[in-house]
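These protein sequences, in sequence, are chains A and B.
Counting in my numbering, the first sequence runs from 1 upward without gaps.
Counting in my numbering, the second sequence runs from 101 upward without gaps.
The set of hints was computed from the structure by calculation and includes no laboratory data.
There may be inaccurate statements among the hints.
Claimed, not checked - If you anchor each label on the Cβ, the simulated ranges turn out as follows:
| # | chain 1 | residue 1 | chain 2 | residue 2 | range |
| --- | --- | --- | --- | --- | --- |
| 1 | B | Ser108 | A | Asp46 | 37 to 43 Å |
| 2 | A | Glu75 | B | Leu147 | 20 to 26 Å |
| 3 | B | Arg168 | A | Ser27 | 36 to 42 Å |
The beta-carbon is built from N, C-alpha and C at its ideal position, and this holds for glycine as well.
2 protein chains.
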Amino acid sequence: MVQVANTSPTLDEQKNELKTRIRKLNSKAGQMKMDLHDIAEGLPADLEKLPEAATKTYDIFCQLQDLRQQLKVLENS
Amino acid sequence: MVQVANTSPTLDEQKNELKTRIRKLNSKAGQMKMDLHDIAEGLPADLEKLPEAATKTYDIFCQLQDLRQQLKVLENS
Chain A
1 MVQVANTSPT LDEQKNELKT RIRKLNSKAG QMKMDLHDIA EGLPADLEKL
51 PEAATKTYDI FCQLQDLRQQ LKVLENS
Chain B
101 MVQVANTSPT LDEQKNELKT RIRKLNSKAG QMKMDLHDIA EGLPADLEKL
151 PEAATKTYDI FCQLQDLRQQ LKVLENS
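Using the sequences and the hints given, assemble the complete structure.
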């Protein structure tokens with residue numbers, strides 16, 4: 001296989017980059033999930049924190065699903 | 101004290117009505133808080149239920165705070 005300088009990332013590089021992003025996001029998502037869990041448990045204390053915590057948790061899990069889907073596509077290609 | 105027919109509710113009646121509403125709402129709020137707690141715990145399963153559950157839980161606790169405030173005002177009047 002001919003290697004050309006300054007090519008776009010290889011498939012393996014793309015996969016590894018995705019895996020790294022997923023790993024980081026997954027750890028963040030786990031933390032947010034626990035925070036939301038604690039807020040729910042402690043209601044009505046911290047009620048004002050609930051909307052933002054729920055929105056952020058939802059968004060990060062959606063993003064995570066999306067990245068996992070992208071990885072799946074790369075792994076099947 | 102002179103009793104007149106068709107008067108507006110007495111202070112005691114207003115307080116009792118508020119207390120009943122608060123009791124019912126409190127029980128509902130407790131249930132929603134537990135549901136939200138379970139959703140958070142089980143993420144990413146049921147992710148699609150999170151936004152609505154969080155919004156409803158937030159709204160009901162806000163309503164509860166409002167009714168409790170109204171009762172406080174009545175009790176100090």
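Right, here's what the structure says about each hint:
1. B:Ser108 <-> A:Asp46: 37 to 43 Å: Taking Cβ atoms as reference, Ser108 of chain B and Asp46 of chain A lie about 38 Å apart, which means the hint holds.
2. A:Glu75 <-> B:Leu147: 20 to 26 Å: The hint (20 to 26 Å, Cβ to Cβ) holds, given that Glu75 of chain A and Leu147 of chain B are roughly 22 Å apart.
3. B:Arg168 <-> A:Ser27: 36 to 42 Å: holds, 39 Å
Checked against the numbered hints above, the structure violates none of them.
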